[in-house]
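A.B. asks: Which chain is which? The protein sequence lines are A and B, in order. Position one of the first sequence corresponds to residue 1 (the working numbering), numbered consecutively onward. Position one of the second sequence corresponds to residue 126 (the working numbering), numbered consecutively onward.
What the hints contain is simulated information worked out from the structure, not anything from laboratory work. Just so we're clear, the structure is a prediction, and the values are computed from it rather than from any experiment. It is possible that some hints are incorrect.
[What the hints assert, rightly or not] The list that follows gives simulated cross-link-like pairs (lysine-lysine, DSBU-like), each with its CA atoms no further than 35 Å apart: (1) A:LYS53 with B:LYS148; (2) B:LYS421 with A:LYS53; (3) B:LYS489 with A:LYS10; (4) A:LYS10 with B:LYS416; (5) B:LYS148 with A:LYS101; (6) A:LYS101 with B:LYS421; (7) A:LYS88 with B:LYS148; (8) B:LYS489 with A:LYS88; (9) A:LYS88 with B:LYS421; (10) A:LYS44 with B:LYS421; (11) B:LYS402 with B:LYS416; (12) B:LYS462 with A:LYS44; (13) A:LYS88 with B:LYS174.
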Amino acid sequence: MYPENYKYTKEHEWILIEGDTGTIGITDHAQEELGDIVYVDLPKAGTAVEMGKALGSVESVKAVSDIYSPVNGEVLESNADLGTAPEKLNADPHGAAWLVKVKLANLAEVEGLMSAADYQAYLGE
Amino acid sequence: MESASGVLRKTPLHAVHRAAGAKMVDFGGWDMPLQYTGILDEHATVRGKAGLFDVSHMGEIEVRGPQALALVNWVSCNDAAKLQAGQAHYSGLILEGGGFVDDILVHKFSDDHFFLCVNASNQDKDFAHIQEQNALRGFDASVVNIGPELSQIAVQGPRAVETLQKLTATALTPISYYWFRRGEVSGTPATIARTGYTGEDGFEIYVANSEAARVWNELLAAGEEFGIKPAGLGARNTLRLEASMALYGHEITDELNPLEAGLSWIVKFNKGEFLGKGKLAEIKAAGLKRKLCGFKMTGRGIGRDGYDIAGGGWVTSGGPGPTVNMNIGLCYLPVEKANIGQPIQVMIRNQAVDAEVIATPFYKRAK
Chain A
1 MYPENYKYTK
11 EHEWILIEGD
21 TGTIGITDHA
31 QEELGDIVYV
41 DLPKAGTAVE
51 MGKALGSVES
61 VKAVSDIYSP
71 VNGEVLESNA
81 DLGTAPEKLN
91 ADPHGAAWLV
101 KVKLANLAEV
111 EGLMSAADYQ
121 AYLGE
Chain B
126 MESASGVLRK
136 TPLHAVHRAA
146 GAKMVDFGGW
156 DMPLQYTGIL
166 DEHATVRGKA
176 GLFDVSHMGE
186 IEVRGPQALA
196 LVNWVSCNDA
206 AKLQAGQAHY
216 SGLILEGGGF
226 VDDILVHKFS
236 DDHFFLCVNA
246 SNQDKDFAHI
256 QEQNALRGFD
266 ASVVNIGPEL
276 SQIAVQGPRA
286 VETLQKLTAT
296 ALTPISYYWF
306 RRGEVSGTPA
316 TIARTGYTGE
326 DGFEIYVANS
336 EAARVWNELL
346 AAGEEFGIKP
356 AGLGARNTLR
366 LEASMALYGH
376 EITDELNPLE
386 AGLSWIVKFN
396 KGEFLGKGKL
406 AEIKAAGLKR
416 KLCGFKMTGR
426 GIGRDGYDIA
436 GGGWVTSGGP
446 GPTVNMNIGL
456 CYLPVEKANI
466 GQPIQVMIRN
476 QAVDAEVIAT
486 PFYKRAK
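Just need the whole structure built from these sequences, with the hints factored in.
C.D. replies: This is the structure:
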């Protein structure tokens, strides 16, 4: 369920590191808790993001939830598909429905995040 | 996340919802199903087929006695004298200051027997209020809180009639909108009312708690061939918003009056004295300062409950309208801006996003 090569946050985001690029999304648990997702607000390329600060938001029928950046860095690209098809976040949160790609300011930061096993244990608590 | 359910009140169908895998939510102190298959799916099912709602958390108050009508007409602003036996109407319990104690449905069995359906989170307050007014004014009437003994199940949608008809000998087609009958459903005594909170055709059924789970399961089985599904409070809210029906605590509160809320049609100034009449007449004579309006988002974003309107006003309820396919909402606006076509801006997380005042209801079913 939770890819081994991703890192996870307590706020239910995931990040995949490739070189100095991080791809960020929300976890399956997050989409399940949110329910039907109807709107996604993401930052433009070039926007600076700060670890632990909101980088955008996801809205379900019922509520708005902030997405917190797991790292410091700069947005390279946001997932344009989600503008017209936000429901993809319910269907494929760990894959096609990634949210943003960022250029990491400091690779070492991701060491503080949870592994897939840690995250699953955290969910089980 | 789910709350510790120990302190929350439960309906007689609670275990049924849990077993069905519903996502539960604390709704005004009640542990209620938010959704089963998903809000959008349940919404579409009610619009296209039929949905089943547990609304047993709602309160029911009975008013009986020689002056039952006089008491009902004193505490509520609509004119219950106009009701015939077997007829119901929407009304408000109004405070002396013109605001709402609650919004209610008044059902008339006879001049000496009325049945009020009231909001879950207001039922204790409503009961105390009506009892107090009964004592103060010295009516020859008794007020009984029968909510704790009754379960209420709503079957709503274009296939609701066919579904319910399989379980009752009462002919449903002759029951007009906002009329009701006493009869049996699944062999148990029931009040069968052609009312609802979804903008669709349908019924609200009142049965004894001990029969609720059986009636629920038999309705699901009866409606299976029509595609019935259980629906939760999430869909109930998107459905009522599209139909522009008020929700207590949002469009109406103890500080908001029926005239501002676009509900002057339930305020019958010519029926004689009633609680709050003086203040409402004063407000009407002075002219309204604000009015409830419908809006659609024209910019990107969803105007949600509590968001401010730039230049004055606020969103009372807002969200996606799955059937009308727009992001919609209801809002209070200064009266000079309360016109269809008026551009407004909703403050969404510190950004002013464009919206436009449009006519309500957003959704009206084809007759």
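A.B. asks: Now, for every hint given, state plainly whether the structure supports it.
C.D. replies: Evaluated hints:
| no. | hint | verdict |
| --- | --- | --- |
| 1 | A:LYS53 with B:LYS148 | holds, 29 Å |
| 2 | B:LYS421 with A:LYS53 | holds, 30 Å |
| 3 | B:LYS489 with A:LYS10 | violated, 44 Å |
| 4 | A:LYS10 with B:LYS416 | violated, 43 Å |
| 5 | B:LYS148 with A:LYS101 | holds, 32 Å |
| 6 | A:LYS101 with B:LYS421 | holds, 32 Å |
| 7 | A:LYS88 with B:LYS148 | holds, 21 Å |
| 8 | B:LYS489 with A:LYS88 | holds, 30 Å |
| 9 | A:LYS88 with B:LYS421 | holds, 24 Å |
| 10 | A:LYS44 with B:LYS421 | holds, 25 Å |
| 11 | B:LYS402 with B:LYS416 | holds, 19 Å |
| 12 | B:LYS462 with A:LYS44 | holds, 34 Å |
| 13 | A:LYS88 with B:LYS174 | holds, 25 Å |
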